[in-house]
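Please construct the entire structure, taking both the sequences and the accompanying hints into account.
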Amino acid sequence: MMFSKISGPRLCALPLIMALGACVSFGGKAPASMLVLTADNVVAAGTARTASVADALVIQIPQVPPKLDTNRVPVQIDASNIAYLKEAFWADKPARLMQMLVAETVSAKSGNLVLNEVDAGGKAVRYISGSLLEFGIDAETSEAVVVYDVVKIIRGSATEKRRFEARRPVTAIAPAPAGAALNAAANDVAGQIADWAG
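Under this note's numbering, the sequence shown has 204 at position 195, and the numbering climbs by one with no breaks.
There could be a bad hint or two in this list.
[Stated by the list, open to error] Pairwise CB distance ranges (calculated):
{"#": "1", "residue 1": "120", "residue 2": "180", "range": "30 to 40 Å"}
{"#": "2", "residue 1": "70", "residue 2": "120", "range": "16 to 26 Å"}
{"#": "3", "residue 1": "100", "residue 2": "76", "range": "13 to 23 Å"}
{"#": "4", "residue 1": "92", "residue 2": "165", "range": "40 to 50 Å"}
{"#": "5", "residue 1": "189", "residue 2": "169", "range": "24 to 34 Å"}
{"#": "6", "residue 1": "95", "residue 2": "54", "range": "34 to 44 Å"}
{"#": "7", "residue 1": "165", "residue 2": "79", "range": "33 to 43 Å"}
{"#": "8", "residue 1": "126", "residue 2": "181", "range": "30 to 40 Å"}
{"#": "9", "residue 1": "119", "residue 2": "183", "range": "34 to 44 Å"}
{"#": "10", "residue 1": "205", "residue 2": "43", "range": "22 to 32 Å"}
{"#": "11", "residue 1": "55", "residue 2": "93", "range": "38 to 48 Å"}
{"#": "12", "residue 1": "185", "residue 2": "51", "range": "21 to 31 Å"}
Think of the hints as simulated: they come from the structure by calculation, not from any bench. Note that the structure is a prediction, hence the values are computed from the model and not measured. A virtual CB, placed ideally from N, CA and C, is assigned to each residue, including glycine.
Here it is in C-alpha cells:
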C-alpha cells in the first residue's frame, strides 16, 4: 500500500482541516424520506373546467413568518422557544405546499376554475391570499397546529379576512406522526377555506 508524502505547509494545515471537519458538516446525507401534504378532496382525472380568466379564482402563495420559511418542522417548546424536529423535512416549503393543497381542495369542492398567478397573467378578479401563521407541533399540548389568516379579494368589492385554525393530536413528536397530524390539520383548514371561498 502506498501513501503520498505530505510535507511543508500542507502538513501544518492537516490538523486544522481535521479539527474543522469535526465541527462543520461539508454536505450530508439526504433524508431517507420527505413529508408531503396529500389532499383529501381531489379533482377527478379527466375533469375539465372552462371559464374566462376574469372568472377564475387565483390562490396565491401565503406569507409566512421566518420560522416557517424552511422545509423543516417547527416544534413550539413554550411561549418563547422553538426547535426543529430532527430528521423531519418537507418536500417543499410549507407556504408552497399549503398553496397547492388549498388550490386542489377549492377546485374539488367548489367546481371553480382555480389558477395560479402565472396562469392568470394578472387578469383575474378574485384572489385568495393571506398569511400562514402556524404550521408545526405544539409540544405542550402534543398537537399539530395549522393557523392561516386568509384574505379574500374581489376587485371592486370589499375585502374579507378570516382566520382558520385546526389542531390534531400527535401520538409522538417524531417525523411520521407529526407529518400525518399536520396533513390532517392542513386538510381541515383547506376544507374550511374552500367552503368560505365559495
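Hint numbers contradicted by this structure: none
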